[in-house]
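For what it's worth, the working numbering labels the leading residue of the sequence shown as 122, then goes sequentially.
Quick caveat, the hints were computed from the structure, so don't treat them as lab data. Model, not experiment: these values are computed from the prediction. Here a beta-carbon is modelled for each residue, glycine too, at the ideal position from N, C-alpha and C. Careful, some of the hints might be misleading.
Listed next, the in silico DSSO-like pairs over lysine-lysine satisfying Cα-Cα at most 27 angstroms (straight line) [stated by the list, open to error]: (1) K182 to K133; (2) K167 to K182; (3) K133 to K145; (4) K133 to K167; (5) K145 to K182; (6) K145 to K167.
Across the chosen pairs, the derived CB separations fall in these ranges [what the hints assert, rightly or not]: (7) A166 to A142: 24 to 34 angstroms; (8) Q162 to A142: 28 to 38 angstroms; (9) E157 to Q180: 16 to 26 angstroms.
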Amino acid sequence: MNNLYDVMQLLKRYGTIIYTADRKADLHLMEEEIRELYRLQFITAKEFSSALLILRSEQNKI
Numbered sequence: 122m123n124n125l126y127d128v129m130q131l132l133k134r135y136g137t138i139i140y141t142a143d144r145k146a147d148l149h150l151m152e153e154e155i156r157e158l159y160r161l162q163f164i165t166a167k168e169f170s171s172a173l174l175i176l177r178s179e180q181n182k183i
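Work the whole structure out from these sequences, hints included.
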C-alpha cells in the first residue's frame with residue numbers, strides 16, 4: 122500500500138466507500154473503518170499499519 126488511493130481500494134474491497142465532501146471527515150471515517158476491519162481480523166497487521174500511516178500522513182497535509 123503506497124497512497125490514499127490504495128487505502129480507498131482496500132476499503133472498497135470490503136464494501137466501504139467514503140465520500141462526505143469534507144476531506145478531514147473522510148480521513149477520520151476511513152481510519153475508523155480500517156480499525157474495525159483490523160479488529161475483526163479482515164486485514165493483516167501489515168495492512169493495518171500501512172493504512173494508518175498513509176491516513177495520518179494525509180491528515181498532516183491538511
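Status of the hints after comparison with the structure:
Restraint check: the Cα-Cα separation between K182 and K133 comes to about 23 angstroms, which is no more than 27 angstroms; the hinted pair holds. This hinted pair checks out: K167 and K182 have alpha carbons roughly 23 angstroms apart, not beyond 27 angstroms. Taking the CA atoms of K133 and K145, the gap is about 19 angstroms. The hint holds against a cut of 27 angstroms. Distance restraint check for K133 and K167: the Cα-Cα separation of roughly 18 angstroms lies within the 27 angstroms cut-off, and the hinted pair is therefore satisfied.
Among the hinted pairs, K145 with K182 is consistent with the structure: their alpha-carbon atoms are about 10 angstroms apart, no more than 27 angstroms. With a C-alpha separation of about 24 angstroms, the suggested pair K145 and K167 falls inside the 27 angstroms cut-off, and the hint holds. The supplied range of 24 to 34 angstroms is met by A166 and A142, whose beta-carbon atoms lie about 32 angstroms from each other. One distance hint, 28 to 38 angstroms for the beta-carbon pair Q162 and A142, holds here, with the actual separation near 32 angstroms.
A hinted range of 16 to 26 angstroms for the beta carbons of E157 and Q180 is consistent with their spacing of about 18 angstroms.
When each numbered hint is compared with the structure, no violation occurs for any of them.
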